[in-house]
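Novice: As a plain string of letters, each chain reads:
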Amino acid sequence: MDANATTPLLPEVLETMRPFLLEQFGNASSIHQEGQQARSAVEHARGSVAQFLGCRPSEIVFTSGGTESDNLAVFGSVRAGDHVITSAVEHHAVLHAVERLSERGVDVEFLPVDGQGVLAAEDVRKALRPNTSLISVMMANNETGVLQPVEEIGRIAGEAGIRFHVDAVQAAGKIPIDVASIGCQLLSISGHKMHGPQGIGALFVRRSTRLEPLSAGGAHERQRRAGTENVAGIVGLGAAAEYAMCSGGAERMRSLRDRLETGLLACAGGVNGGEAARVPNTTNLWFRSLGSDSLDGEALVIALDLKGLAVSSGAACSSGANEPSHVLEAMGVTADRARSSLRFSLHRGTSEDEIDRAIELVTSQVTRMRELSVVTR
Amino acid sequence: MTILPAKLPGTPIAVAMSGGVDSSTVAAMLKREGHELVGLTMQLWNQRRLAGQEGMPEQVQGRCCSIDDVYDARRVAEMLAIPYYVVNHQERFERDVIRPFVEEYLAGRTPIPCSLCNNHLKFDQLLLTARQIGAEQIATGHYARNEYDPERGRWILKRPADASKDQTYFLFGLTQEQLSRTLFPLGGFTKPEVRELARGYGLALATKADSQEICFIPGGDYKHFIDAYLEEQGEVVPDTAGELVSVGGEARGHHAGIHNFTVGQRKGLGLASPSPLYVISIDSERKQVTVGTEQELQRESLRAQRLNWISIAGLEGEMRAQVKIRHRHDPAWATLRTTGADEVEVRFDEPVRAVTPGQAAVFYLEDEVVGGGWIV
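Protein chains in written order, with our numbering: chain A, 1 to 377; chain B, 1 to 376.
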């Protein structure tokens with residue numbers, strides 16, 4: 001139950017990809033027939049993704065995933081001496097990118113969020129400076145699912161004439177995205193968070209937005225992303241976008257998520273960001289041990305995994321161990337409570353049975369850990 | 001007659017995996033015996049934290065929690081098809097091992113981080129994590145033996161078959177509860193035999209080098225580590241420079257800080273003398289380091305506090321035991337006598353060299369660990 005990490009590739013998506021991994025192995029830049037077939041498939045997918053985001057096909061740049069899309073948006077937009085506004089709860093793909101910029105003479109401002117994890121759009125307006133060149137704010141948070149007021153921020157950015165990037169990786173496939181109503185110039189999505197394959201993503205780049213490419217090489221993707229196209233991946237992303245537009249499973253996910261949340265609140269201390277508007281698939285709960293002690297979330301994750309339930313807590317560091325969550329910290333959650341917090345995230349295929357089994361497993365494991373804390377204290 | 005710890009059926013055994021030969025061999029051995037296992041590696045310290053600070057290496061090739069070691073452990077777990085997890089105990093390690101390590105040196109003592117890590121991390125936090133995830137026992141690659149004696153009703157920690165690898169000195173702090181849940185599968189093997197076993201199990205790391213130095217100080221330069229750590233913490237490195245004095249109290253010179261010294265040290269005194277001079281004692285309050293001859297380094301007794309008893313419930317009156325005062329020390333016969341709540345006096349039959357505050361005094365009877373305490 002960790003769909004915000006990745007979602008299963010849909011069989012029908014795989015079917016659309018298969019020919020391009022096997023017999024139709026053309027390079028989309030070649031002039032011959034094989035190449036033209038690949039090109040045609042890429043452009044068909046571009047059309048699907050454009051429709052999915054409400055933009056023109058020519059405004060879609062295919063990348064290797066969410067991280068590259070975010071990096072391209074950030075590094076491609078900013079120069080030394082600029083001022084950048086972002087939030088404290090962004091994904092590391094944005095946070096670490098702007099941190100690197102700040103080492104190169106860019107002034108980066110991390111706006112705080114409230115106790116529910118929401119950024120105040122007015123704070124963005126107040127933070128604007130004459131040399132502000134980019135505002136980058138996520139649409140939905142990966143850990144809590146909390147939504148940011150991107151349309152409001154888009155209006156503020158538009159009035160000030162400042163470029164606005166939206167990391168929509170965790171929103172795509174869960175809520176509708178329309179780049180026109182957001183009013184952004186740049187928006188990132190990733191294939192594998194929406195039942196497409198891993199290793200493919202896209203960046204919406206509004207027409208006439210100047211963007212410095214990350215890599216030097218061929219003239220692919222309108223000179224914005226050098227490198228031979230990942231044809232099968234692009235086709236898969238296109239198919240995943242089409243599926244997301246027609247499947248309409250969001251309400252079902254919401255009701256299952258709510259059922260999970262209600263079931264778990266019998267033993268959980270509460271929901272992090274539970275009072276904010278959220279994507280329909282995510283809940284982030286914290287668990288109390290006995291008295292005021294918090295439960296060890298890391299042990300809880302492992303114990304549940306050994307019983308066949310995959311959930312996550314915090315972010316993984318290079319060794320694979322858990323690191324404290326910067327998102328919960330920015331929300332003012334105590335370190336203890338953050339350590340006891342678990343993220344459950346559903347995908348469109350999650351079943352009612354899985355939800356009920358999850359409630360049962362978590363409840364019995366939390367009970368077990370509480371009993372143990374009595375014995376070992 | 002003693003009983004080896006039984007491997008409880010029905011619950012997995014948690015194997016503490018470091019990515020080294022010993023713990024990997026333990027995992028392979030238990031797997032071959034058919035036990036259900038869970039591999040756990042503790043992330044204890046981030047080497048990059050102090051990398052590049054003054055006196056600290058720029059590139060981290062260290063052994064502690066390096067990505068390479070985790071990679072090795074993970075590969076072994078994959079090969080054995082056992083679930084494997086890295087657990088983050090960095091905060092606890094900093095609080096219970098790094099901090100005391102720094103503070104002990106600044107107080108003129110010579111700490112043993114491995115014992116602290118065993119007491120507070122491996123056999124406490126890791127065992128707790130193991131139990132929380134449903135494993136009732138942990139197995140480690142330590143060279144030691146652990147048996148239950150029904151007559152005494154106690155768990156007994158014993159020296160291993162390979163005397164040159166004996167790690168019981170670092171394990172004297174284990175409680176009965178901890179011992180009852182711990183397996184030391186390598187206790188009956190020598191290191192060459194373990195390498196042979198590792199080869200037999202097809203472990204690619206059978207020839208991997210042993211770890212030597214303190215795991216969180218690659219290169220072993222603890223003085224620079226202390227400076228770098230305090231600086232990172234935004235704390236002032238206390239000025240502990242002072243005088244070098246003779247045993248009689250006369251001034252012999254100056255030193256740059258007491259944490260540069262350990263009892264018995266000969267190098268780095270910067271004194272000219274016809275006969276070799278050694279650090280005899282360190283007075284942290286007066287910032288004085290007393291130097292003297294080999295003869296003056298001999299001690300007939302010591303006091304140990306914060307005791308832990310293993311083969312006996314506690315000491316009443318006196319007892320005879322062999323006492324080890326540092327890891328590389330042949331145990332010396334002595335008489336132990338209770339001199340206070342949680343304190344014993346150890347009186348040696350023959351004087352011993354360089355009794356060092358901060359180290360452990362571990363009491364043995366033949367191959368059993370009776371108990372131990374911290375030298376004050």
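Just so you know, not all the hints are guaranteed correct.
So the derived list for chain B, only partly shown, Cβ under 10 Å to chain A, looks like this [said to hold, decoys possible]:
| hint | residue |
| --- | --- |
| 1 | His35 |
| 2 | Gln53 |
| 3 | Met79 |
| 4 | Leu80 |
| 5 | Tyr84 |
| 6 | Ala130 |
| 7 | His224 |
In short, the hints are calculated from the structure, not lab data.
None of the values given here were measured: they were computed from a predicted structure.
Using N, Cα and C, we set each Cβ at its ideal position, and we do this for glycine too.
Novice: Look at each hint and say if it fits the structure.
Specialist: Structure-based check of each hint:
Restraint check, His35 of chain B versus chain A: the minimum CB separation of about 15 Å is more than 10 Å; hint violated. A least Cβ separation of about 18 Å between Gln53 of chain B and chain A goes past the 10 Å threshold, and the interface hint is therefore violated. Interface restraint check for Met79 of chain B: the shortest CB-CB distance to chain A comes to about 17 Å, outside 10 Å, so the restraint is violated. At about 16 Å, the closest approach between the beta carbon of Leu80 of chain B and any beta carbon in chain A exceeds 10 Å, and the interface hint on this residue is violated.
Because the beta carbon of Tyr84 of chain B sits about 9 Å from the nearest beta carbon in chain A, less than 10 Å, this interface hint is met. The beta carbon of Ala130 of chain B comes within 9 Å of a beta carbon in chain A, closer than 10 Å, and the hint placing it at the interface holds. Violation of the interface hint for His224 of chain B is found here, the shortest Cβ-Cβ separation to chain A being roughly 24 Å, above the 10 Å cut-off.
In summary, the structure is inconsistent with hints 1, 2, 3, 4 and 7 from the numbered list given earlier, while agreeing with the others.
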